[in-house]
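Peer 1: With the sequences and hints as input, model every part of the structure.
Listed below, chain by chain, are the residues.
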Amino acid sequence: MARVLIRGGRVIDPATNRDEIADVLLEDGRVVSVESNIDARDAELVDAAGLWVTPGFVDLHAHLREPGQEYKEDIASGGSAGAAGGFTSICCMANTDPVNDDPSVTEYILDRARHESPVRILPVAAATKGLKGELITEMSALVEAGAVAFSDDGKTIMDSDMQRRVLEYSKMVDRPVSVHAEDLTLVRDGVVNEGPVSTRLGLPGNPAAAETISVARDIHLAEITGGHLHVGHVSTAGAVTLIREARNRGIHVTGEVTPHHLVLTDAETAGYDTNTKMSPPLRSAADVDACIEGLADGTLDAIATDHAPHAVHEKDVEFTEAPPGVLGLETALPVVLELVRSGRLSPAQLIAALTCNPAQVFHLDAGRLVRGAPGDVVIFDPERRWTYDPAKGYSKSRNSPWAGQEMQGRIETTLVAGVVVYHVDRGVLHP
Amino acid sequence: MMGRGLLGIEDLDRDDIELILETAAHMKEVGERDVKKVPTLRGRTIINLFFESSTRTRTSFEIAGKRLSADVVNFSPSSSSLSKSESIIDTAKTLDAMDPDAVVVRHKVAGVPKRIADELEAPVINAGDGAHEHPTQALLDLMTVVEKKGRADGLTVTIVGDIAHSRVARSNIYAFTKMGAEVRVAGPPTMLPANVESLGVKAFGSLREAIDGADVVMALRIQRERLSGAIMPSVREYHATFGVDRAKLRFAKEDAIVMHPGPVNRGVELSHDLTDHRPSVILDQVRNGVALRMAVLYLLAGRPQPRPTEEEDS
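Those protein sequences? They're chains L and C, same order as listed.
Letter by letter, the first sequence follows residues 1 to 431 in the numbering used here.
Letter by letter, the second sequence follows residues 1001 to 1314 in the numbering used here.
Calculated from the structure, these hints are not laboratory results.
Mixed in with the good hints there might be a few duds.
Pairwise CB distance ranges, derived in the manner of DEER restraints [unchecked claim]: (1) L:363 / C:1234: 54 to 64 Å; (2) L:185 / C:1225: 12 to 22 Å; (3) L:184 / C:1229: 12 to 22 Å.
Where a beta carbon is used, it is the ideal one built from N, C-alpha and C, also for glycine.
Peer 2: Written as structure tokens, this is what we have:
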């Protein structure tokens, strides 16, 4: 089969502590070797001089909307957006219609992905039937069908006994339970972070305590059950502290943070732009700082996009009525590269949070450039500037807070299983 | 500041506010004439776009527009059906196509006038959006205080009630602090918004302390459904603790005035006799409301519309 030689790039592979100029040779869809000056004359050549070469990114949290809401996104468009953003593995959340709470839905998603998506799609199944928090899903059958984790994302399982049972039962299949941690009885109608900004805007506040209460509860439940708790989209300093303490005590808890919670604060909502409405909401500068710190010290494992497409007509409504969430796949890299430029994260820390760390959290064979690993590679220019226009992107939706803004850092080439699936000049190439 | 509309007092500076108040004083004369009408806005169209019903504010704007000879059109879609059928942006674009000279917007959700203004060529006047701002109310309150006290600078203004849910409170806080007054807010802690001090006020949990030495006591209208539940146990308890009556008013300055944006829940925010008699100035507020709104309409709809230049537009 075809051989591909990626030549002369700065190879950053945190899983092997590699950061050096080297060549990467892929063959039969897998990594064969990473070293300097590989001689492979028959191989297809990809020149990476002056570029960074890393494992393909792994997103633990995206909403691809298929089945059921294909007007927002589908597996083809979401997978293409992922390829353009450097994501070679995308874990898609279960809040589709019908909900991915049954092996037939999981199989449907995987079947569609095989035919339609340029990148790997890994379904996250619902933790409870219909995301209702009442009945545990058939986790064993769902894992058999291909589910990689369980989550009622978008909703919090408010019944503590049910959450306990979910964490307990998930041990049987050895899969993490990813939680949307918000005490909904405290959130009520809150739509922006509670604080000076909500007071000034006159919009109902969502206090940081809604997240910390829920995270604290789930940590206690992880402790008594021994289940693997994965905290989705951490947004508060309090949650970072709780997770740090829990990890120090040996509780099996991991965490992720989104690009928007790493660089934007609630001040962005000043113009009532519904593309700054997320769940959880954008928080204070101190919260942003704590999330970055959590990523730097390993309290938070991964950067996950929470890619949440919504149609223009759904977002063009009153702030309180608009669905929360923003696009993430196509802008994640340039947005988080800012943390390297500002010196808050080393290149290796940032790339780890996009590759080997998330792969490890969900037990995925991905995120490393070692012999025998899948040939999923991304090549990018960390300096190149471009202007993001969602209308020209691959997602079907346009709800991004970065629309029209200049970005720094551009994906040049994305390879999945040793095949180029995206090139900056040629676009997404279906295998 | 005033060129593109009046969305909130927060956007104004002292000069803007003084210009509006001066203009309003002239407009008040018109209302005192035998024939209460001038041709200033003849041929101009003003749309009252009220998603949330408010007979008083809408009527005040309507009379203001008519006294200036503008054609005033009322458009009152119900906000519940609207959010399901037509988006606020579509509504804004539809109105824009009818070339109004000013659009007055009231909506129960904060930020809607801003979103509509972003889509319109015509200036937008915010007639109250959620718990955000109600700028003409604050300006008419300021006008009334200046009439009675000769100034706002150096006065102590106490705003009492459900600050968290009040657009009147926010606009008045900005208006009076910008004009040099000390603003205090008072209410049960459940009715004070998070970090209320960040608005530049002192917060009090006791009416007696908040009112001590005040020149102006402004009671806010309380929504009755909020007076039996999580934020206030009962009407009786509210009136006992934060209802303004003559006994509590003794702690204010001797010549203090009492204000209320109306309509008053008698015996709740204000005692019965205070509602009707001095030192309450409630009907002066209503009277000034028409003059103040005439001033705002004149300043915004009365001049040639400044169109954005190519550079600004891009």
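Peer 1: If a hint holds in the structure, say so; if it doesn't, say that too.
Peer 2: Now for the hints, and whether the structure bears them out:
no.: 1; hint: L:363 / C:1234: 54 to 64 Å; in the structure: holds, 56 Å
no.: 2; hint: L:185 / C:1225: 12 to 22 Å; in the structure: holds, 19 Å
no.: 3; hint: L:184 / C:1229: 12 to 22 Å; in the structure: holds, 18 Å
Of the hints listed earlier, there is not a single one the structure fails to meet.
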